[in-house]
Every structure is written in structure tokens, then in C-alpha cells.
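Using the hints provided, position chain B relative to the given structure of chain A.
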Amino acid sequence: MLGKLMKHEFRATGRIMLPLLAAELILAVLAGFSVRGLERMEDMSFLHALYVLTLIVFGLGMFAIAVVVFVLMIQRFYRSLLRDEGYLSMTLPVTVDAQIWAKLLTSFVWFLAVGALFFLSMFVVMSIGSYITLPDLEEFREFWRSMEAELRELGVGSMALYLFEMLAAVFLGVCVTCLRCYASMAIGCSAADHKLILSFVAYFLIGIALGMTSNAAVFAVLPRLETSSFFEHVSPARFMHTVMLGNLVIGAGLSALFYLVTRYFLKNKLNLA
Amino acid sequence: METCLECRALTKRFGSARALNGVNLTVAPGRVVGLLGPNGSGKTTLIKLANGLLTPSSGEIAVCGLTPGKESKALVSYLPDRPCLPEWMSGEGLMDYYADFFRDFDRAKAADMMARLGLREEQRVSQMSKGMKEKVQLILVMSRKAKLYLLDEPIGGVDPATRDYILDTIIRNYAEDASVVISTHLISDVENVLDDVIFLRDGTVTMQASVDDIREQYGKSVDALFREVFKC
Numbered sequence: 001m002l003g004k005l006m007k008h009e010f011r012a013t014g015r016i017m018l019p020l021l022a023a024e025l026i027l028a029v030l031a032g033f034s035v036r037g038l039e040r041m042e043d044m045s046f047l048h049a050l051y052v053l054t055l056i057v058f059g060l061g062m063f064a065i066a067v068v069v070f071v072l073m074i075q076r077f078y079r080s081l082l083r084d085e086g087y088l089s090m091t092l093p094v095t096v097d098a099q100i101w102a103k104l105l106t107s108f109v110w111f112l113a114v115g116a117l118f119f120l121s122m123f124v125v126m127s128i129g130s131y132i133t134l135p136d137l138e139e140f141r142e143f144w145r146s147m148e149a150e151l152r153e154l155g156v157g158s159m160a161l162y163l164f165e166m167l168a169a170v171f172l173g174v175c176v177t178c179l180r181c182y183a184s185m186a187i188g189c190s191a192a193d194h195k196l197i198l199s200f201v202a203y204f205l206i207g208i209a210l211g212m213t214s215n216a217a218v219f220a221v222l223p224r225l226e227t228s229s230f231f232e233h234v235s236p237a238r239f240m241h242t243v244m245l246g247n248l249v250i251g252a253g254l255s256a257l258f259y260l261v262t263r264y265f266l267k268n269k270l271n272l273a
Numbered sequence: 001m002e003t004c005l006e007c008r009a010l011t012k013r014f015g016s017a018r019a020l021n022g023v024n025l026t027v028a029p030g031r032v033v034g035l036l037g038p039n040g041s042g043k044t045t046l047i048k049l050a051n052g053l054l055t056p057s058s059g060e061i062a063v064c065g066l067t068p069g070k071e072s073k074a075l076v077s078y079l080p081d082r083p084c085l086p087e088w089m090s091g092e093g094l095m096d097y098y099a100d101f102f103r104d105f106d107r108a109k110a111a112d113m114m115a116r117l118g119l120r121e122e123q124r125v126s127q128m129s130k131g132m133k134e135k136v137q138l139i140l141v142m143s144r145k146a147k148l149y150l151l152d153e154p155i156g157g158v159d160p161a162t163r164d165y166i167l168d169t170i171i172r173n174y175a176e177d178a179s180v181v182i183s184t185h186l187i188s189d190v191e192n193v194l195d196d197v198i199f200l201r202d203g204t205v206t207m208q209a210s211v212d213d214i215r216e217q218y219g220k221s222v223d224a225l226f227r228e229v230f231k232c
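Taken in order, these protein sequences are the chains called A and B.
When the letters of the first sequence are read in order and numbered with the working numbering, they come out as residues 1 to 273.
When the letters of the second sequence are read in order and numbered with the working numbering, they come out as residues 1 to 232.
For reference, chain A alone in the conformation it holds in the complex (with noise of 0.2 Å):
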């Protein structure tokens, strides 16, 4: 059922996002062209002024998606969840680990899908404005090995391997973000009334508490460092993976705390107006 769940999720988000990710990959070409034609150009012109229009407009619709994608991620799950819809979409023979999954997903894929908009449409933006070709990826790769001997030298490890633990770190963060916005609604909508600003209020107080929680860490586990020989026989290498895996560990956490909350509410104090 989850498949069919995402499959109908797609069809309500994709109406949304496909069209908006089109236009801004013909955006990004003709910003290209606008880059090119900046380059070549001395005088001001109304062409000039209409490049530059363009180059705002390639920016402020890549901004405009980002924002789009965020609130797409909440309204689908207030909407069909906790709106009227979700006398449809509650009463349907699947699971409510199911229909959280169904969102998460999805929204993940369209997290990921503006994520890939935006380096493809650097991409196109670079190589039509010329400042990038093809056969300079050589290069890429070039600066890639070079890095890789450079941080070897130091001591501070695999680039690849803080590669792969920044775009977990970016996957567990997507999650953390969801998720957090899927608690705070859950929260908010067991309610009787004002659901929408008690939502809000959830989502506020969860980030007060995850403040206070972080800041009583920090100050419980800085005097034992302070005191301790962690950092004399630590080595820089070892130093960085261990925050990033706890970092990682941290957002795994809270990513299960937030879903557990949501699944809680949903399942147990549903309360649709």
C-alpha cells in the first residue's frame, strides 16, 4: 500500500513541482545565454538590462522553489492528513506508519529532485556562459585527487568518506526537518481548536527544547573534554568522523523522536475539525 500511497502523493505534488522544475531549467538556459551575451556586451542596452532581468529572475525562481518544496512538504501533510481530506485519507486500509512514510518520501524525493535542479542548473548556467566546457571536468577530477593527497598529508583522512557523511548528514537533515514540521502538526491538530497557531506554537517549543537540550550537552561534555587527554591522542582525522558521526547519530535520533511523536498523534489523538 505504501507504493500506491506514493504513487498518489506524486500525482498531488508532481502537478506542483514538474512544471516549476521545467521552467527553471529553461530559466538556467536562458540565464546561459544571459551570461554570454553580458560577457560580450560593453554598452548599456535595453538588451543588457534584459539579461540582467533574466539572471534575477533564474535567481529568485530558484529561491522561489526552495520555499515552494518546503511548503508543498507541509501543506500535503496538513491537507490530506489533518484537514478534511483526511477523512478520506485516515479512513483508507493502510497503516499510519504508512501514510507518514507515503509524505516523507515523497517530499524527500522532491527535496532531492530541487537539490539536483540546482547543480544541474549551475551547471547549464556555466556551460552555455562558457565559463565552464566539457573536457574541464578533467580538471575537476584533477582538483579532487589533489585534495584527496592534500587532506592524506595531514592526516585528516578519505575526502570521499566526509563526502558520503555531508550528504547523509544532508539526507538525515531533510528528515529531521520533516519530520519535526510532521510532530508539530500532529501536535497541534489533536487540538480541539486553533490548530494551525497551536502548530505552531509545537514547533516553537520543540526547537526551545532542543535548544535547552543541546546547550545542557555542550556544558555537561566540555569540562570532561577540557579536563581530559581526548584531544592529545585523538587524531584530526579521527576528531572530524567522530563528530560527524555523531552528528549523524544526533539526527538519526531525533529523526525516530519526531516520527514516534507523529505516529503517536496520528494514530491515537486524531481529532479532525
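Source of the hints: derived by calculation from the structure; they are not laboratory data.
One should not assume that every hint holds.
[Unchecked claim] Below, in silico cross-link-like pairs of lysine-lysine (DSS-like), each with a Cα-Cα straight-line distance of 27 Å or less:
{"no.": "1", "chain 1": "B", "residue 1": "LYS109", "chain 2": "A", "residue 2": "LYS7"}
{"no.": "2", "chain 1": "A", "residue 1": "LYS267", "chain 2": "B", "residue 2": "LYS70"}
{"no.": "3", "chain 1": "B", "residue 1": "LYS145", "chain 2": "A", "residue 2": "LYS7"}
{"no.": "4", "chain 1": "B", "residue 1": "LYS133", "chain 2": "A", "residue 2": "LYS7"}
{"no.": "5", "chain 1": "B", "residue 1": "LYS133", "chain 2": "A", "residue 2": "LYS195"}
{"no.": "6", "chain 1": "B", "residue 1": "LYS133", "chain 2": "B", "residue 2": "LYS109"}
{"no.": "7", "chain 1": "A", "residue 1": "LYS7", "chain 2": "A", "residue 2": "LYS267"}
{"no.": "8", "chain 1": "B", "residue 1": "LYS145", "chain 2": "B", "residue 2": "LYS133"}
{"no.": "9", "chain 1": "B", "residue 1": "LYS109", "chain 2": "B", "residue 2": "LYS70"}
{"no.": "10", "chain 1": "B", "residue 1": "LYS70", "chain 2": "A", "residue 2": "LYS4"}
{"no.": "11", "chain 1": "B", "residue 1": "LYS70", "chain 2": "A", "residue 2": "LYS269"}
{"no.": "12", "chain 1": "B", "residue 1": "LYS70", "chain 2": "A", "residue 2": "LYS7"}
{"no.": "13", "chain 1": "B", "residue 1": "LYS130", "chain 2": "A", "residue 2": "LYS195"}
{"no.": "14", "chain 1": "B", "residue 1": "LYS220", "chain 2": "B", "residue 2": "LYS231"}
{"no.": "15", "chain 1": "B", "residue 1": "LYS145", "chain 2": "B", "residue 2": "LYS130"}
{"no.": "16", "chain 1": "A", "residue 1": "LYS4", "chain 2": "B", "residue 2": "LYS109"}
{"no.": "17", "chain 1": "B", "residue 1": "LYS109", "chain 2": "B", "residue 2": "LYS130"}
{"no.": "18", "chain 1": "A", "residue 1": "LYS4", "chain 2": "B", "residue 2": "LYS133"}
{"no.": "19", "chain 1": "A", "residue 1": "LYS4", "chain 2": "B", "residue 2": "LYS145"}
{"no.": "20", "chain 1": "A", "residue 1": "LYS269", "chain 2": "A", "residue 2": "LYS195"}
{"no.": "21", "chain 1": "A", "residue 1": "LYS4", "chain 2": "A", "residue 2": "LYS269"}
{"no.": "22", "chain 1": "A", "residue 1": "LYS267", "chain 2": "A", "residue 2": "LYS4"}
{"no.": "23", "chain 1": "A", "residue 1": "LYS195", "chain 2": "B", "residue 2": "LYS70"}
{"no.": "24", "chain 1": "B", "residue 1": "LYS145", "chain 2": "B", "residue 2": "LYS70"}
{"no.": "25", "chain 1": "B", "residue 1": "LYS145", "chain 2": "B", "residue 2": "LYS109"}
{"no.": "26", "chain 1": "A", "residue 1": "LYS267", "chain 2": "A", "residue 2": "LYS195"}
[As the list claims (entries may be wrong)] Only part of the chain B face toward chain A is listed, based on derived beta-carbon distances under 10 Å:
{"no.": "27", "residue": "PHE14"}
{"no.": "28", "residue": "LEU53"}
{"no.": "29", "residue": "THR55"}
{"no.": "30", "residue": "LYS70"}
{"no.": "31", "residue": "LYS73"}
{"no.": "32", "residue": "VAL76"}
{"no.": "33", "residue": "PRO80"}
{"no.": "34", "residue": "MET89"}
{"no.": "35", "residue": "TYR97"}
{"no.": "36", "residue": "ARG103"}
{"no.": "37", "residue": "GLN137"}
Yeah, the Cβ is synthetic: ideal placement off N, Cα and C, and Gly gets one too.
Chain B in isolation, oriented as in the chain A frame:
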């Protein structure tokens, strides 16, 4: 034969307010039951509990012997008291949606009913009038071969002609071993299609009887009895 719906000492509290208070009732297969009571008597709460949209504060509720959940939802066809169809979907998309999630959904039957009512499959919900949305919702619900139909105010807010059509659709389309629970306070309109009635007042069942027994025992219609029992 297993009951379609059973409540034992079912209580639902919202804060300090009791929406349902120790409700005991059973709905046997093959019956059309009117869940009757004034506004705020707990009809919608009871239906939401049967659909798993609310959890009981205490007591038990079972649909075909199952606690409300994934399995029971496959057996229940639910018409809520408000429009709940996604506005961006078309009639065709909605039929795809129902066919994907409900094995007992008869797509051909739904398409036929839509055609007979002059509803275009390609029309989006957002382009439909309130009455059209209610009809589409009812068609989807009644195109399932469910064990229990829970219809919350199916005729509220529609014109008399549509009201007749809706009741006709309900009676024509449920299977013999299935039960239909109709929640309403428009009793005179539904009385002719009911086998049994359940009177709810302030979250408590005050009467569960067959329509024939009521006519025989009280010598009056269900509507007349309701007016007498719930006189303000």
C-alpha cells in the same frame, strides 16, 4: 452471523465533556439502521470511532469483530458529513484512487452511476457544485461492496429530488449481508428505508428497536416518536 457493528460500554470524552457515555449497541447484518438524535447527541463521534478516526476513552467498539484499524477499514464504506474529496482530483482520478485502495470497489458501477447523473469523469472536484460533490462522494461510497456502510448525514443540505436519489442509491446498492447505518435528524425522509433505529441523547443510547416494533408498540411513526422523545 457476526455483527457488523458492536459497542460495549463505549465512552468518548473530549476534555471534561462526554460525547459518548457507556454506549452499548449492536448492528446485525442485512439491516438499514437509523442513528437518530438531535445535534450534539454523539452520532458523528460514534461513526468516527467506528472508522478509527477517534480512539475510545474507555469501552470497546468492533466492526465485524475487528477493532478499528487497517483491516476493519477495508470492510467499512464511510460517507463523512462534509466534502472530503481532494479539490485537484477529477472524477476519473477519484475512481482510480478508490480502485487502488479498496478491493471491493466496482469501478464500472461508479462510472455508470456518474454517467447516469450527468457527471463528467474528467471534471475536477474544484469545478463541481456542492451538490455534485456530494453525489460523487456518495457514488464512490456506494460503489463498494462493503460489509458496513456508515453514512453521516447523507441527505443533509440537498434538495428533495437529490434526497430521493441518494436514498434510492443507498437502498439499491448495498449487499444483503451488509449493514447500513444512516446518521441523520431528517427522520421523515429516511423513515421508509429504515429497518431499525437507535436513539441517541447526550451520548447515551435511549432506544434501539425495529421500526415495525415502534409502529406496533407506540402506534406512531419514528418521526412522531422522535419529536415526542426529543421535545425541547
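Inset, instruction - Identify every previously stated hint that the structure contradicts and give their numbers, smallest first. - result: Violated: none.
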